[in-house]
Every structure is written in C-alpha cells, then in structure tokens.
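With the hints as your guide, set chain B onto chain A.
Residue numbers (my numbering), protein chains in the order written: chain A, 12 to 110; chain B, 617 to 815.
It is worth saying that the hints were derived from the structure and are not from the lab. Don't take every hint at face value.
[As the list claims (entries may be wrong)] SDA-like, lysine to any residue: derived pairs with alpha carbons at most 25 Å apart:
{"no.": "1", "chain 1": "B", "residue 1": "K781", "chain 2": "A", "residue 2": "P34"}
{"no.": "2", "chain 1": "B", "residue 1": "K781", "chain 2": "B", "residue 2": "D751"}
{"no.": "3", "chain 1": "A", "residue 1": "K94", "chain 2": "A", "residue 2": "L82"}
{"no.": "4", "chain 1": "B", "residue 1": "K781", "chain 2": "A", "residue 2": "R22"}
{"no.": "5", "chain 1": "B", "residue 1": "K781", "chain 2": "B", "residue 2": "I695"}
{"no.": "6", "chain 1": "B", "residue 1": "K781", "chain 2": "B", "residue 2": "G793"}
{"no.": "7", "chain 1": "B", "residue 1": "K781", "chain 2": "B", "residue 2": "S765"}
{"no.": "8", "chain 1": "B", "residue 1": "K781", "chain 2": "A", "residue 2": "E25"}
{"no.": "9", "chain 1": "B", "residue 1": "K781", "chain 2": "A", "residue 2": "G26"}
{"no.": "10", "chain 1": "B", "residue 1": "K781", "chain 2": "A", "residue 2": "T21"}
{"no.": "11", "chain 1": "B", "residue 1": "K781", "chain 2": "A", "residue 2": "D20"}
{"no.": "12", "chain 1": "B", "residue 1": "K781", "chain 2": "B", "residue 2": "L756"}
{"no.": "13", "chain 1": "B", "residue 1": "K781", "chain 2": "A", "residue 2": "L24"}
{"no.": "14", "chain 1": "B", "residue 1": "K781", "chain 2": "A", "residue 2": "V33"}
{"no.": "15", "chain 1": "B", "residue 1": "K781", "chain 2": "B", "residue 2": "R648"}
{"no.": "16", "chain 1": "A", "residue 1": "K94", "chain 2": "A", "residue 2": "T79"}
{"no.": "17", "chain 1": "B", "residue 1": "K781", "chain 2": "B", "residue 2": "E796"}
{"no.": "18", "chain 1": "B", "residue 1": "K781", "chain 2": "A", "residue 2": "Q29"}
{"no.": "19", "chain 1": "B", "residue 1": "K781", "chain 2": "A", "residue 2": "L28"}
{"no.": "20", "chain 1": "B", "residue 1": "K781", "chain 2": "A", "residue 2": "R23"}
{"no.": "21", "chain 1": "A", "residue 1": "K94", "chain 2": "A", "residue 2": "I81"}
{"no.": "22", "chain 1": "B", "residue 1": "K781", "chain 2": "B", "residue 2": "F760"}
{"no.": "23", "chain 1": "B", "residue 1": "K781", "chain 2": "A", "residue 2": "R30"}
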Amino acid sequence: LWGWEGVLDTRRLEGILQRVLVPVEPSARFARRLRSRLASVPGGRWAPAWLIVGLVVLGFLLVVALVTFILRVLLAGNALWAKVRQRLPRHRPSLGAGS
Amino acid sequence: MSGETVDDLQLIRRAATDRDAFGELYERHVRRIYSYIYYRTGNHHDAEDLTARVFQRALGHIADFQDQGVPFSAWLYRIAHNLVANWHRDESRRKTVALDPDATTSLPSDHPEEEALVAEERDDLLAAISRLPADRQQLLILKFVERLSNAEVGQIMGRSEGAIKSLFHRTLRSLRGEVEQAAREVATESDQGKPPSTP
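Excised from the complex, chain A in its bound form (with noise of 0.2 Å):
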C-alpha cells in the first residue's frame, strides 16, 4: 500500500487516504430506533412555552371581555329601571290638612 522508500510522497498519502477513510453506515436497527425514540419526544422546547403564553393571553382577553359585557349589562339595567322610575306616576304623600 505504502510503496515508499524512506519518503512518502503527500500525493501519495492523499491517494492512499482517499481509499482508506470512506463513508461507514450506521447499521437499519439503530437507526430506525433512534428515529423512533427521537420521534416519541414529547413536545419542542419552545412549543409549551408559547402555548402557555398564548393560553395566558387568551385567558386574560376573556375575563377583560366577560367582566366588559357584565359591566355594560349592569349599567344598562341601572339605566334602564331609571328610566322606569322616571315614567312612573309619582305618588307624594299629603302634607297633611292642619297645616
């Protein structure tokens, strides 16, 4: 393989590292079972975190716009039954007839 007398020759040793260092192939059955423990990972780093974050959000947004609508639903009423004490006959007492 060498084939040098004393000096090896660095086109030499280039040729000879061409055929000695090739590609080596992991065997099917590693493989395929790293790939599937790879694949029952659960979940990315960041995906829960974002998705906790986006829950978060979504919660707040909720109870904003729930206690929003009670509020206007509130006011309404309170308007509303203003109005309907507005409309209705006042019944004044009598002051009395001695004064």
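Chain B alone, transformed into the frame defined by chain A:
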C-alpha cells in the same frame, strides 16, 4: 451542501413542533454524523451512543438554530465535535483509539495475503490518524470521508478557507511524519527480532 440548505431551513422552522420534520432532518444527516463520530471514537458502540446524543441535543435546541448562512449539517458537526471532545476527556486514560477491524472496506484482492497486508497497513494509517490533534483528525474526516470542500470544512470548523488549506498541508506533513516514524519502529523491531546468524 448548499442545495439542501433551503429545504433544511424549512424543516428546521417546523421541527420545533413537528416531529416528522425533525425526522426528515435526521434521515438526511444521520449517516454522515455517525461516520464522523465513528472515525473519531473508533468503535461502533460509542459511535451509536454519541450519535443518539447529538440528535437528542439538536432536537432540544432546534429552536435556537439561527440561519447565519451556515448549513444545518455544520451545526450538527459542531455538536458532534463537542460531544466527542467530552468523550475523549472522559476516556483520557485511553491513549490511542483502535478502530474495529470490520469497520472499513478492504481493497479488492484475489490474494488473501496481499489483502491481509493491506488491512494491516490501513490499520496502521488509522492509528497514525488517531494520534493527530483533534482538529486535524476532524479535518481529515471531513475532507476524505465526507468529501467536503475547504470552504465547507471552514464553515464547520469556524475558520477561513485559507486557514483550512494551510491546516490541511500541515496535517498531511505531520501524518506523513507519523507514518514514517511508525514504519521505522516496525523495521527496527523486525531487525531486532531476527535470529542471530550462525557462523
């Protein structure tokens, strides 16, 4: 390598949440990462263990990958390089790493004696490579096993193309020195082992 980069980027964006996208990335790169680690560790058992760790770490940090013009494979090679360096630190008692004998293909030969000689010399060369510094081993594997250009090797090793070219020439010179030294030692041993000539 650059042709795959566009597709790799699309897969990387999906991979944080989509395991199938990461599976596709895995299929594309597992062979070359395994091959690289195998030549750095010298045995299949550790190559399998470290390859698994490379992809588990890649999966855990896939969202951290930023497209800075460096291919995904270079990112994986860097992870592999760091893990192999840790492995060598842990295995520091081991001075040289012997490669499994069935690891590499042998040259075709009709003569078994010649084949055995070639295998022995191949093992000697691999042993000489394993005695080189880590960055030089990495360079030889990337250039000869993965057939990458100097520019591509430079992206992986974080050096310029010119620096890689220079390192390559220095590596070949030092490897040549290692091989010649080993051959001289073998020649000396065989001379000493000769039976003394009878008068």
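Hint-by-hint comparison with the structure:
The hinted pair formed by K781 of chain B and P34 of chain A meets the criterion: a straight-line CA distance of about 22 Å does not exceed 25 Å. A C-alpha spacing of about 13 Å is found between K781 of chain B and D751 of chain B, which places the hinted pair at or below 25 Å, so the restraint holds. At most 25 Å may separate the alpha-carbon atoms for a hinted pair to count; K94 of chain A and L82 of chain A meet this at roughly 18 Å. Distance restraint check for K781 of chain B and R22 of chain A: the Cα-Cα separation of roughly 15 Å lies within the 25 Å cut-off, and the hinted pair is therefore satisfied.
In summary, the hint linking K781 of chain B to I695 of chain B is supported, as the alpha carbons are separated by about 23 Å, within the 25 Å threshold. Taken as a hint, the K781 of chain B and G793 of chain B pair is honoured in the structure, with Cα atoms around 19 Å apart against an allowance of 25 Å. In summary, the hint linking K781 of chain B to S765 of chain B is supported, as the alpha carbons are separated by about 10 Å, within the 25 Å threshold. Our distance criterion of 25 Å between C-alpha atoms is met by K781 of chain B and E25 of chain A, whose separation comes to about 14 Å.
Of the supplied pair hints, the one linking K781 of chain B and G26 of chain A holds, its CA atoms being roughly 17 Å apart against a limit of 25 Å. In summary, the hint linking K781 of chain B to T21 of chain A is supported, as the alpha carbons are separated by about 14 Å, within the 25 Å threshold. Distance restraint check for K781 of chain B and D20 of chain A: the Cα-Cα separation of roughly 18 Å lies within the 25 Å cut-off, and the hinted pair is therefore satisfied. For the hint pairing K781 of chain B with L756 of chain B, the CA-to-CA distance comes to about 12 Å; that is within 25 Å, so the pair holds.
Of the supplied pair hints, the one linking K781 of chain B and L24 of chain A holds, its CA atoms being roughly 16 Å apart against a limit of 25 Å. Between K781 of chain B and V33 of chain A the alpha-carbon distance is near 21 Å, which keeps this suggested pair within the 25 Å criterion. With a C-alpha separation of about 22 Å, the suggested pair K781 of chain B and R648 of chain B falls inside the 25 Å cut-off, and the hint holds. For the given pair, K94 of chain A sits about 22 Å from T79 of chain A by alpha-carbon distance, which is consistent with the 25 Å threshold.
Taking the CA atoms of K781 of chain B and E796 of chain B, the gap is near 23 Å; set against the 25 Å cutoff, the hint holds. The straight-line distance between the Cα atoms of K781 of chain B and Q29 of chain A is roughly 17 Å, inside the 25 Å bound, and the hint therefore holds. At most 25 Å may separate the alpha-carbon atoms for a hinted pair to count; K781 of chain B and L28 of chain A meet this at roughly 16 Å. A C-alpha spacing of about 18 Å is found between K781 of chain B and R23 of chain A, which places the hinted pair at or below 25 Å, so the restraint holds.
About 20 Å separates the Cα atoms of K94 of chain A and I81 of chain A, which keeps this hinted pair within 25 Å; it holds. The hinted pair formed by K781 of chain B and F760 of chain B meets the criterion: a straight-line CA distance of about 14 Å does not exceed 25 Å. Distance restraint check for K781 of chain B and R30 of chain A: the Cα-Cα separation of roughly 21 Å lies within the 25 Å cut-off, and the hinted pair is therefore satisfied.
The structure agrees with every numbered hint stated previously.
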